[in-house]
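K.L.:
Residue numbers (the working numbering), protein chains in the order written: chain A, 1 to 122; chain B, 1001 to 1122; chain C, 2001 to 2145; chain D, 3001 to 3145.
Treat the hints as calculated values from the structure; they're not laboratory data. All values derive from a computational prediction rather than experimental measurement. We put the beta carbon where it would ideally sit given N, CA and C, even for glycine. Check the hints yourself; a few may be wrong.
[Stated by the list, open to error] Sample of chain D residues facing chain C (criterion: CB under 10 Å; computed from the structure):
hint: 1; residue: R3006
hint: 2; residue: E3017
hint: 3; residue: F3089
hint: 4; residue: L3126
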Amino acid sequence: MANPFAIGKSAQEGKSILALEGYLDAHTAPQFEKAVEDEFEAGRIRIIVDCSKLSYISSAGLGVFMSFVDEIREVGGDIKICGLTPKVFQVFEILGFPALFDIVDDIPAAMKKYEESPVKES
Amino acid sequence: MANPFAIGKSAQEGKSILALEGYLDAHTAPQFEKAVEDEFEAGRIRIIVDCSKLSYISSAGLGVFMSFVDEIREVGGDIKICGLTPKVFQVFEILGFPALFDIVDDIPAAMKKYEESPVKES
Amino acid sequence: MASIERTFKLQVPSSTENLIIIREFVSSIGAQAGFSPAENAKLELAVDEACANVMEHAYGKDTTKELSIRATLDDDSVQIEVVDTGKPFDPGTIEQKDLDKLVSARKSGGLGMRLMKSLMDEVHYLMIPGQKNELRMVKRRKKTL
Amino acid sequence: MASIERTFKLQVPSSTENLIIIREFVSSIGAQAGFSPAENAKLELAVDEACANVMEHAYGKDTTKELSIRATLDDDSVQIEVVDTGKPFDPGTIEQKDLDKLVSARKSGGLGMRLMKSLMDEVHYLMIPGQKNELRMVKRRKKTL
Ligand SMILES: Nc1ncnc2c1ncn2[C@@H]1O[C@H](COP(=O)(O)OP(=O)(O)O)[C@@H](O)[C@H]1O
Ligand SMILES: Nc1ncnc2c1ncn2[C@@H]1O[C@H](COP(=O)(O)OP(=O)(O)O)[C@@H](O)[C@H]1O
């Protein structure tokens, strides 16, 4: 109740979709970390994080993206990010995330991105 | 911004409708008081207060109903209340307002109430 | 829920525009205490009434004064203390008039204290003249055995 | 807007579940200061980062500790002071690594302080050993002449 955050999980065309909802802060980031870890450990390395219902993110949430992506890319997977609201996108942008992550509009665009470039080119 | 409260005014079949929205507390009650006073002074004594968008009420808001209704009834008018959400209704109920005011479901029901009983019978 | 006592404090200028900050503070604590939305709405309203009374009566609308709220959460209850350094008063002298009497007297006040008493499990006033006025209210947490 | 200074204080247990109370507190004050929703979101995030750092680093996740936030609102700015009595640290020794370095080192941290600096107009640390650590941040209000 006090810190509403939820993660919806689904799969589509061989990609794992994690749909974040609510407030992702230092209190709730461990839940997100666990969710990404579970995907990775189950060998589901093509992840789409859908942020369309994410109302808030702090550096603890951003750190989850940052700490896993290298490992996932090494085995040919990636984390593509979609659906950022302007408020949340602003935080990604201040920290320079657009240079390091594929950030696209929505799930179909993330699917397409996986076709074009399964691992983000650097 | 800090205390969002608004009053929409309209007229229908010779009744004045005041539609309350947001938070009615000691800070915003003077606005509501002014609105009721304006109706009364303009001779518009058949008032419907629509609370369907009212998310909160404290005793300062309830006091506005209480302080005007006697005067308005003396000249043959009334204040009918409609659209209370369960949360707001609970406060009216604790204080015994249902015995003193006509409280109905919606604007059509308030119109009908004015046909049946222009001034609440006591 | 941890079994130790947790304390939260808020201090704001005595202005009615801060009632919304006070309500958010209290409602977050009520949510942490596991109150249902309906129970939490009661807690929130009782504290709003207590603070609005301090702003209006104890401080006579002087917005340069400060008002403090202390919330203590333990296994059994949420306890709220509202503290001011304004005019003391004797709650025992306040007569509770019937609603229809208030209406025919065209009063807009006289509802706050009765609301607090119905909304909370305990309401106590403590006045230490020349020092502070304190209103302590308790709302018990339902035990789920 | 009144021209005098207004002060607000909040004290909560050092637990990340209270970050939401802190954000609501700060965001109500930002709204009173007349910040736009986008500017207010920045203020809120900067204070969240400051408090999350205290909870994690200064208090090492000891949730029995207390953390205080003092907000002062005047005509020119909103000033926030986050005070703790935990482990002091020297912010001058904290190296700001590039994002791609952090990624290849598989770090999840190192973003908070850089965020605070970009979000606020001023960020100062003041450590008084054995007494308190204080992080003071200022966000200026845009003048509408
Ligand atoms: N904190 C307070 N300090 C001083 N006087 C108070 C305080 N609270 C209540 N009172 C007195 O008690 C009366 C009844 O209070 P209440 O039931 O809340 O109604 P209202 O505040 O609307 O008049 C007030 O009119 C006031 O005279
Ligand atoms: N309030 C604080 N007390 C003690 N150490 C701190 C504090 N804030 C920051 N630090 C130190 O500075 C480092 C960088 O902080 P930051 O940029 O916020 O990243 P993170 O907290 O994610 O590691 C932290 O890892 C910690 O060592």
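K.L.:
What are the numbers of the hints that this structure violates, sorted from low to high?
P.N.:
Of the numbered hints, 3, 4 do not hold.
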